[in-house]
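Q: What follows is each chain in one-letter form.
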Amino acid sequence: MPLMTIIDAVKNTIDQQMELNDNVVTFGEDVGFEGGVFRATKGLQQKYGKERSFDTPLAESAIIGSAVGMAVNGLIPIPEIQFSGFVFPAINQIITHVARYRNRTKGTYSLPMVIRMPYGGGIRALEHHSESIESLFAHIPGLKVVIPSTPYDTKGLLTAAIKDPDPVIFLEPKRIYRAFKQEVPTEEYIVPIGKAKVVQQGDTITVVAWGAMVREVENAIKLLENEKINVELIDLRTIQPYDKQTLINSVKKTGRFLVVHEAYKSYGPGAELIATINEQAFLYLEAPPTRLAGFDITIPLPKGEHHFIITPKRIANEIKKVSSF
Amino acid sequence: MPLMTIIDAVKNTIDQQMELNDNVVTFGEDVGFEGGVFRATKGLQQKYGKERSFDTPLAESAIIGSAVGMAVNGLIPIPEIQFSGFVFPAINQIITHVARYRNRTKGTYSLPMVIRMPYGGGIRALEHHSESIESLFAHIPGLKVVIPSTPYDTKGLLTAAIKDPDPVIFLEPKRIYRAFKQEVPTEEYIVPIGKAKVVQQGDTITVVAWGAMVREVENAIKLLENEKINVELIDLRTIQPYDKQTLINSVKKTGRFLVVHEAYKSYGPGAELIATINEQAFLYLEAPPTRLAGFDITIPLPKGEHHFIITPKRIANEIKKVSSF
Amino acid sequence: MLTKTYSPLKDKILEVLDYKGKVVNEKLVPKLDKEFLLNMYKTMMLGRVADTKALQYQRQGRILTYAPIKGQEAAQVGVIAALDKQDWMVPAFRELAGMLYKGAPLKQLFMYWYGNEEGNHFDKDLKILPISVPIASQLNHAAGLAYASKIKKKGEVVVAYVGDGGTSHGEFHEAVNFSAVFDLPVIIIIQNNQWAISTPRSSQTKAKTLAHKAIGYGIEGIQVDGNDPLAMYIATKEAKEKALRGEGPTLIEALTYRLGPHTTSDDPSIYRSDDEVAYWEERDPITRFRIYLIELGHWTLEEDKALIKEYKDYVNKIFKEVEETGLIDLDEVFKYNYETMSEDLQNQLNEYKEYIKEAK
Amino acid sequence: MLTKTYSPLKDKILEVLDYKGKVVNEKLVPKLDKEFLLNMYKTMMLGRVADTKALQYQRQGRILTYAPIKGQEAAQVGVIAALDKQDWMVPAFRELAGMLYKGAPLKQLFMYWYGNEEGNHFDKDLKILPISVPIASQLNHAAGLAYASKIKKKGEVVVAYVGDGGTSHGEFHEAVNFSAVFDLPVIIIIQNNQWAISTPRSSQTKAKTLAHKAIGYGIEGIQVDGNDPLAMYIATKEAKEKALRGEGPTLIEALTYRLGPHTTSDDPSIYRSDDEVAYWEERDPITRFRIYLIELGHWTLEEDKALIKEYKDYVNKIFKEVEETGLIDLDEVFKYNYETMSEDLQNQLNEYKEYIKEAK
Ligand SMILES: Cc1ncc(C[n+]2csc(CCOP(=O)(O)OP(=O)(O)O)c2C)c(N)n1
Ligand SMILES: Cc1ncc(C[n+]2csc(CCOP(=O)(O)OP(=O)(O)O)c2C)c(N)n1
Ligand SMILES: [Mg+2]
Ligand SMILES: [Mg+2]
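Chains as they are written, first to last, in the working numbering: chain G, 1 to 325; chain P, 326 to 650; chain Y, 651 to 1010; chain Z, 1011 to 1370.
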């Protein structure tokens, strides 16, 4: 099996799906000729032609809005938004149309499409290049929201997303785009949407994360090697719908819960998980379910970003606190 | 004191603030000549002239984006979005600029502005006229989010919002725009942003709501008259920042918590409150803090809306369940 | 080409019939047989009768809200009449007559205003997209349909509607530009009915005409008398042929007028004069087309009366059917959010059903 | 009026100096004194030197990312030189030379790319809005500034920048239309540097020129040789006077070229030919302006060499100051989100400080 980074896995998957299905097309700003600013679609125009992999004018609403029409008319579009910070001009299309087309037409038109975008902080970038906005999408009925954390999952989840009859927001943790390689099968396979992965079993505390934060929690766990703390680490992988069963089973076992995310804390994704734990595992709780999340401040420019970024050390500290409550 | 509905109070407040301060301007689609589709600005153009109360082209991003420039250049704009379902084309301006201008310029430019919009369901309207999207705004640092539930509070909170140096999203519960009248002082007064109101004291259970749901909870409480349940009803009034102290004090007293909102349940505003209660009142909890919220489905068209709308009966039922856990 | 002769820079409006039903441009009269012309006329009339009735139902409290089309029938039917079965129609929300011509059943069109998603549940073969409430956003869908059609060589043309107000929106700009850049087979019909709720056309843009906007996208634009079904027909027909040749989109500004209120909750007398309305009443598209057909010998006043009577009964009958549908089932409102309901959503539904059972 | 003579419909480009620095249009040469001209030239040169250095710092890992302006100095400085102190400048993100001319300290401009909000913390008197990363969104801010100025009769003009790519965005459309409808004193400068990252101008729009877009808004547009500082100056000057007369916005397309990469993480050799770059290198705005000034007797090659040397040292010195600022304090990143920090936010900060203390 070849070794791939996450970005390799993205490219490999789109390539494979375009090969297998003539209806798959991919497009966006700089997606065609040069293969995207992160090179996720590099070579696809050369391989499949200008009609199936192409550059669009600089207009996010047109990118997503045209994808709606394409999906209605038989294509499976994979539009790219260059950075998640630039998806806002397209939010009108996503919320008022992409999420609702099936319901609006009572199932006449489903919109098989995957809206890809790199997201998250830690790359020391300009403004609007670092946000984690997963909960904005996750709150909207009709969307699915998927976030891989490994090259293997990237291929499996992206394949599932492309084959899904409903629209999927596919958030790619750009901070770890090229951070490490993993063996990734060349043949097609699926990692199902909506299923979490228990990365590591444990019985002291349940820690949930997704995307780049999964690696940081793993690093935190290493820092805790000498403590008597057995972390059960869950990679949520899908934010909407999410795998309540795995989450609840784990909390019932450990009685303690920590969610780690870079998204802003207030009204952020962690709150949802905690509310669900209260609803379904209240009597098992031995400590307050806790969030370690982005501060409620605009994510700072690079020279201040280190204050915002959640480090393994902070995660380890929080795990200790919750474990000893 | 004159009796006013919520819509009267909105108009009275804008009128008063325009009278008191030449820099206050109001605008939006149909806002000027005819005074808005809900008549919230009726007569203001006639009184203050076309420059201070005016119709814009049909373009939400221009409405909010121009407000940014106006605020930088000395005005206090009160743009109206005709319905909250049509704010999405302006979300780019709100998230990338309105929320960030102060931070971006290290305080050189603050943006005193109030973005008004009617929101919420229950008026048997077309698509996109019924959503409750408060948590989308509440998640964004730099914004304040205010939702009144009475004519008195409307005037006090809107006055506070107009005088606030920072941008405020002012969500008006259109379902109760004209539902009832209340005595509202003609003189200027402030209801502070960020302070909840204990509508009714009680020691069995804490129920939190805002906007139109406050009335529905009150109606539910009437249904419970013969039960031994003393509800403490809190009208949150401000969603961001929200009054954690009042919330926590109440839950420490009652040990039971229910939040009622029409916004979609998943990743919705109620989750945030529950997470905070876990963080700050965990040991006082006698029952799982609970959400009664909009289903995770697109809010249906009128002939199906009754399935979605949260009735006093359902609220009463939920209060009983949580109270007897 | 008409778009050359009537280029917006030449300050000319494409007309075939004047407002008294007289042919003002003999050369341009399309060669259409009696049946075809009568089908156009009848659909316009059905639209008119349904429109009048809907307003009436609303006043009786039998329908909640409705967006009238009165005065805009030609701008709708003239366009769709020039399409073929395989072509797409992308409506805004005020295209009842056009949708009827494209084959949408009146019952479904009423179901929408009655408040039921069934109103957008068109048969796939009709090739009508659902009503789009967020102004101008549907134009990007048209671009996408056309893109798919183009690369799959389906030979379809896409007609999309937008209002005069909608031309101010960023969505309009992005969609027209996208369509132009890829030479997509799209025809954008601006129904310039002079008003966007209370906001007049003059407050939307300083452009001389809305057709002038085409120039900024490097495509052709044309201003057409939108109350003249034949002018709308030939303009669309030419645009369609051009689109099928791979020569890209055309922007057609239909000069028309909303004779009724914006919706049933609007009172237009607040913002516009009786004189203005009277001016446009005189230019009613149905009246002039009727005169034209009678002159041609295709139609008589007696037939007209009978048709109106027939349609009134028909519309009443259909609306009764609509009313019989009553409320929507609980299962239905959960069913279509995803192809497969998540466990969580299923649980929300189940719990609610349990509550209902208990609450009884 | 220049906008009449050089209307986009006439296929003419406004030029004063050709690319060899020769005056091609004697009548149009603005009457500017030596000091003024040299100030323009020197600012262009400072921009060029700072630009070259910034690229160098980035390669040395001393700055993270940077968006080069090389080749666009005239389109920036020629415009701002035509403004008065009270006028506003609304940049996109590639206007370093223009911002310098408006009075922004080089240190602050570097601070931005160094990764510090201090880079947007301009003195209010400078009347420069912060850098705007979301493409074209700043144009609506310009409209708002101008609206306030107009109703308060402040006599200010607002100059706003956007790229060729930015003209495709809905924000562009809404802002230009809004400015036009209210006759606002706005001048929109399209720096058409031929590329939006890897996407050529020809893929953005089929419009013949970007100046043609003015027609759709009922305003005047003009295409100007953007590498000619004098042409940019007179076009802006005229637009300013028009704006101050209350006659609304002007759209100026500056034909220029980005000689460098899009940003330091871009490799333009992937998408464009050496020939194309060479063609534009020959049309360098600084070279031609230098020749012109030397011909006029205002400048010598010796002075030029000395100036470059002086600026190199100056830029190095400034950048050292920038580097000395180091990291941002924790308090600073919390401080500016609201005028008054909420209790909750204060608690988040306090808890974090406690963690830091304990973690030590
Ligand atoms: C994005 C958006 N903003 C606001 C509205 C509310 N609204 C509905 S119709 C309308 C006016 C539309 O005018 P026009 O485009 O001329 O179409 P017409 O109603 O005349 O057919 C407005 C503002 C909306 N539906 N969508
Ligand atoms: C809304 C938005 N979408 C995408 C981007 C990413 N992006 C940054 S610069 C750029 C190209 C801009 O091209 P142009 O407008 O011609 O300006 P130039 O870079 O040539 O100065 C893109 C796509 C962005 N900043 N904002
Ligand atoms: Mg209209
Ligand atoms: Mg460019």
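These are computed hints drawn from the structure, not numbers from a lab. Computed from a prediction, not measured in an experiment: that's the story for all the values here. Watch out, some of these pointers could steer you wrong.
Simulated pairs of lysine to any residue, SDA-like, Cα-Cα distance not exceeding 20 Å [stated by the list, open to error]: (1) Y:K1007 <-> P:T433; (2) Z:K1367 <-> Z:D1339; (3) P:K367 <-> Y:K856; (4) P:K638 <-> Y:K1010; (5) Z:K1134 <-> P:T433; (6) Y:K1010 <-> Y:N1000; (7) P:K520 <-> Z:K1037; (8) Z:K1367 <-> G:R314; (9) Y:K856 <-> Z:E1353.
Pulled from the structure, derived: some chain P residues nowhere near chain Z, Cβ distances all over 12 Å [said to hold, decoys possible]: (10) F352; (11) R364; (12) K367; (13) Q371; (14) K372; (15) L383; (16) Y434; (17) H453; (18) Y477; (19) Q526; (20) K547; (21) I554; (22) Q565; (23) T601; (24) I634.
Derived contacts from chain P toward chain G, CB cut-off under 8 Å, selection only [unchecked claim]: (25) I416; (26) A463; (27) G595; (28) T615.
Just so you know, even glycine gets a beta-carbon here, dropped at the ideal spot from N, CA and C.
Q: Assess, step by step, whether the Cα of P:K520 is no farther than 20 Å from the Cα of Z:K1037, and give holds or violated.
A: Distance ~67 Å between P:K520 and Z:K1037 Cα, so the pair is violated.
Q: Going straight from one Cα to the other, do P:K367 and Y:K856 come out at no more than 20 Å?
A: Distance ~26 Å between P:K367 and Y:K856 Cα, so the pair is violated.
Q: With chain G as the partner, please determine if P:T615 meets the hint condition of a C-beta pair closer than 8 Å.
A: holds, 7 Å
Q: Can the restraint linking P:K638 and Y:K1010 be considered satisfied, given a maximum Cα separation of 20 Å?
A: holds, 11 Å
Q: Confirm or reject the statement that P:L383 sits farther than 12 Å, beta carbon to beta carbon, from all of chain Z.
A: violated, 9 Å
Q: Over 12 Å to the closest beta carbon of chain Z is the bar; see if P:H453 clears it.
A: holds, 18 Å
Q: Does the no-contact call for P:F352 survive, Cβ to all of chain Z over 12 Å?
A: Label violated. Min Cβ-Cβ 9 Å, cutoff 12 Å.
Q: For a C-alpha distance cap of 20 Å, please report whether Y:K856 and Z:E1353 respect it.
A: violated, 49 Å
Q: Beyond 12 Å from every chain Z Cβ: check whether that's true for P:I554.
A: holds, 30 Å
Q: Under the criterion that the straight-line Cα-Cα distance not exceed 20 Å, is the pair Z:K1134, P:T433 satisfied?
A: Given that 20 Å is the threshold and the Cα spacing comes to 7 Å, the pair holds.
Q: When you look at the beta carbon of P:K547, is every beta carbon of chain Z farther off than 12 Å?
A: holds, 34 Å
Q: Taking the least C-beta to C-beta distance, is P:A463 closer than 8 Å to chain G?
A: This interface hint holds because 4 Å falls under the 8 Å limit.
Hints 1, 3, 7, 9, 10, 15, 16, 22, 23 from the earlier list are contradicted by this structure; the remaining hints agree with it.
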